[in-house]
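Enquirer: Residue numbers (the UniProt record's numbering), protein chains in the order written: chain A, 1 to 373; chain B, 1 to 296.
No lab work stands behind these hints, which were simulated from the structure alone. Keep in mind that this is a model prediction, so the values were computed, not measured. Be a bit skeptical, because a hint or two may be false.
Stated by the list, open to error - DSSO-like mimics (lysine-lysine), calculated; alpha carbons at most 27 angstroms apart, straight line:
#1 A/K139 to B/K27
#2 A/K144 to B/K290
#3 B/K290 to A/K142
#4 B/K188 to A/K144
#5 B/K188 to A/K142
Said to hold, decoys possible - Residues on chain A that point at chain B, a partial pick, calculated with CB under 10 angstroms:
#6 A64
#7 G82
#8 I84
#9 P85
#10 K88
#11 W107
#12 R116
#13 A157
#14 K164
#15 I353
Claimed, not checked - Where chain A lies over chain B, by a calculated footprint (3+ residues, C-beta under 8 angstroms):
#16 17–24
#17 232–244
Don't be surprised by glycine CBs; every beta carbon is placed ideally from N, CA and C.
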Amino acid sequence: MAQTVFAPWTDPDQKPIIEFRNVTKTFGEFTAIHDLSLNIYEREFFALLGPSGCGKTTMMRMLAGFETISSGHIFLSGQDIGAIPPNKRPVNMMFQSYALFPHLSVWENIAFGLKRESRDRDQIAARVEEMLRLTRLTKFAKRKPHQISGGQRQRVALARSLAKAPKLLLLDEPLGALDRKLREETQFELMDIQEKTGTTFVIVTHDQEEAMTVASRIAVMDEGHLVQVATPAEIYEAPNSVYVADFIGDVNILQGRATPQGDGVSIDWAEGQPPIRAATDTTFSPGQACHFAVRPEKVTIDVERPDRPNTFRGKVIDIAYLGNISTYHVELAGGHRMKAQMVNARRLANRQITWEDEVWVGFTDTAGVVLEE
Amino acid sequence: MRRFVLIAVPYLWLLALFLVPFLIVLKISLSDVALARPPYMPQLDLTQGLDGLLTFFSDLDFENFVFLSTDSLYWQAYLSSLQIAVVSTLLTLCVGYPIAYGMARAPREWRPTLLMLVILPFWTSFLIRVYSWMGILSTEGVLNQVLLFLGVIDTPLQIMNTKTAVYIGIVYTYLPFMILPIYSALEKLDESLLEAAEDLGCSRMEAFWLITWPLSRNGIIAGCFLVFIPAIGEFVIPSLLGGSDTLMIGKVLWEEFFSNRDWPVASAVAVILLLILIIPIVLFQRNEQKQREAEG
Chain A
1 MAQTVFAPWT
11 DPDQKPIIEF
21 RNVTKTFGEF
31 TAIHDLSLNI
41 YEREFFALLG
51 PSGCGKTTMM
61 RMLAGFETIS
71 SGHIFLSGQD
81 IGAIPPNKRP
91 VNMMFQSYAL
101 FPHLSVWENI
111 AFGLKRESRD
121 RDQIAARVEE
131 MLRLTRLTKF
141 AKRKPHQISG
151 GQRQRVALAR
161 SLAKAPKLLL
171 LDEPLGALDR
181 KLREETQFEL
191 MDIQEKTGTT
201 FVIVTHDQEE
211 AMTVASRIAV
221 MDEGHLVQVA
231 TPAEIYEAPN
241 SVYVADFIGD
251 VNILQGRATP
261 QGDGVSIDWA
271 EGQPPIRAAT
281 DTTFSPGQAC
291 HFAVRPEKVT
301 IDVERPDRPN
311 TFRGKVIDIA
321 YLGNISTYHV
331 ELAGGHRMKA
341 QMVNARRLAN
351 RQITWEDEVW
361 VGFTDTAGVV
371 LEE
Chain B
1 MRRFVLIAVP
11 YLWLLALFLV
21 PFLIVLKISL
31 SDVALARPPY
41 MPQLDLTQGL
51 DGLLTFFSDL
61 DFENFVFLST
71 DSLYWQAYLS
81 SLQIAVVSTL
91 LTLCVGYPIA
101 YGMARAPREW
111 RPTLLMLVIL
121 PFWTSFLIRV
131 YSWMGILSTE
141 GVLNQVLLFL
151 GVIDTPLQIM
161 NTKTAVYIGI
171 VYTYLPFMIL
181 PIYSALEKLD
191 ESLLEAAEDL
201 GCSRMEAFWL
211 ITWPLSRNGI
221 IAGCFLVFIP
231 AIGEFVIPSL
241 LGGSDTLMIG
251 KVLWEEFFSN
261 RDWPVASAVA
271 VILLLILIIP
281 IVLFQRNEQK
291 QREAEG
């Protein structure tokens, strides 16, 4: 059965739920956000990804209403929310520190926002019970925040921010305080809850794996600019810049000069090495400086010369064994290094390649992307 | 053994400086006044052996405590002290909380300076500071001079020798004891809790009453006890600023002791005062312990 792909950003008739229009934010002399425009659609799980200080948290705090906008507008469902104080916005936020009220029980924490709406008691109780069930916290309703574990606290924070059924939920590094295993479990739980409630989620994170796992689209940010906004697969396979290629995952980046050839280019990148042949849609002028980025898992390593468009001879100088995969660091003639990743389908004892071995690395002409300078 | 010695040190300290003096005062309160030196009977004379000890104990009685309960002066003094202590504690809270709040919300680099300013008055003798309040509040004092000069009043205000002067004196003297515990509670308060409250629909005012106030409760309780306990037995402030109209148990005690030279009755007054104070002191200790557990 074919499922319709969720991609409202490709449909020009879709109205975005959030629209940043030429938003700039300055703190004194420092400009945190530079003239930024962005659309986020309903039911999206949108990730703002970038190193610390890139402005992603500022974006989120402007959505929540804790920071004013220096210039430009933010629209939520078509309404300019610039002048609306945080307590009047249909937006809720899950804080990085969770910000649970230490003097209130789990139940009271979740009910906190509902009580402010002056709904009647039964309605509040019903909604809190629903949230407790959704986050599997029913047993802990009477406990205080300091009496439950980190993972449970995280779920209380989530339940509290979802209780008012906001149009938009903001999550500020929601899983940062959890250990790796719990974090992975919680990522799937988050996606599950997002799907069940149909709320639009905007998550801020510096963890690219987390963003890749949960998000429908990722915005990669750097110094107050959006570098690329695309689906995780596009960001990974077709980064639009060296910055994005380097920020997301592991990558080999080679510098060279492109020469158009057939439906691709041929890149002269090192003396004494054959040029790289790569397919690309971008047109390059002869001799234009470019970068070639190829992921290690798309580079193969063999003892015999393989039948591939690009092959280079080199020597294994390092092997990073990660259990399921191994990353080989190969030094090519001329001193360039290239990383190649292989799945460890065989047991370690049967492995053919080891340190100091002369090997061939190879990749196809569609394995990497050619990026303009 | 070493552990025992370590624990013994504070206990010996308490025994020597608290329990033994208390027992002496208790003993005097059970004695009778006498024209002698020291001015009470009986005296413990160990040279007469067991007989002396027996007559000594048989001479002790609760006469002074019965006397205290029959003379309305003492009851009124206790009640009046209690009332003055309660009112001035509440006044100190009203003045101290905003100051502590302002300090905790001040830019981080200012806070040590502000703390310093709160503690600074302690560098001057307490007596001198109370005397200077006499200079401010008296009919010819600075306050009246300024108000008369500005034309706010026609005749000087009578503040000295009233309860108002006592309240002012107590609030001024004990303000740091109120500010410091509240400040330390507010300083620990995570700013994101207030943002979370606002995010969930609170106005600033609601966020204060629902988050800031309950989370600074331990500081408020500690501050109130630190003001209330010394204020109830306060002697210097009511006698210097309160004049003869202000009845406080500390003053009564002083007069019994030095003017009447009735050590037994004075001791009985002191023992009852201590009993009254034990309740808030125990409550205070319990609050401190609860706070430590919550933080632990």
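Enquirer: Once the shortest beta carbon distance from A/K88 to chain B is found, is it less than 10 angstroms?
Expert: holds (8 angstroms)
Enquirer: Grab the minimum C-beta distance from A/A64 to chain B and call the hint holds if it beats 10 angstroms, violated otherwise.
Expert: With a minimum Cβ separation of about 6 angstroms from chain B (threshold 10 angstroms), the hint on A/A64 holds.
Enquirer: Close enough to count: is the Cβ of A/I84 nearer than 10 angstroms to one in chain B?
Expert: violated (12 angstroms)
Enquirer: Verify the proposed pairing of A/K144 with B/K290, using a straight-line Cα cut of 27 angstroms.
Expert: Satisfied, since the Cα-Cα distance of roughly 15 angstroms is no more than 27 angstroms.
Enquirer: If you draw a straight line from the CA of A/K139 to the CA of B/K27, is it 27 angstroms or shorter?
Expert: This hinted pair is violated, its Cα atoms lying about 59 angstroms apart.
Enquirer: Could you check if A/K164 really has its C-beta closer than 10 angstroms to a C-beta on chain B?
Expert: Nearest chain B Cβ about 7 angstroms off; hint holds.
Enquirer: Against chain B, run the beta carbon of A/P85 and see if the smallest gap drops under 10 angstroms.
Expert: For A/P85, the interface hint holds, since the closest Cβ of chain B sits about 8 angstroms away, which is under 10 angstroms.
Enquirer: Are the Cα positions of B/K188 and A/K142 separated by 27 angstroms at most?
Expert: holds (25 angstroms)
Enquirer: Take the shortest C-beta to C-beta distance between A/R116 and chain B; is it under 10 angstroms?
Expert: This hint holds: A/R116 lies near chain B, its Cβ roughly 4 angstroms from the closest one there, short of 10 angstroms.
Enquirer: Has the region 232–244 of chain B got at least three residues whose CB is nearer than 8 angstroms to a CB belonging to chain A?
Expert: violated (count 0)
Enquirer: Hint check: is the beta carbon of A/G82 less than 10 angstroms from a beta carbon of chain B?
Expert: violated (17 angstroms)
Enquirer: Within a Cα-Cα threshold of 27 angstroms, do B/K290 and A/K142 meet the stated pairing?
Expert: holds (19 angstroms)
When each numbered hint is compared with the structure, violations occur for hints 1, 7, 8, 11, 15, 16, 17.
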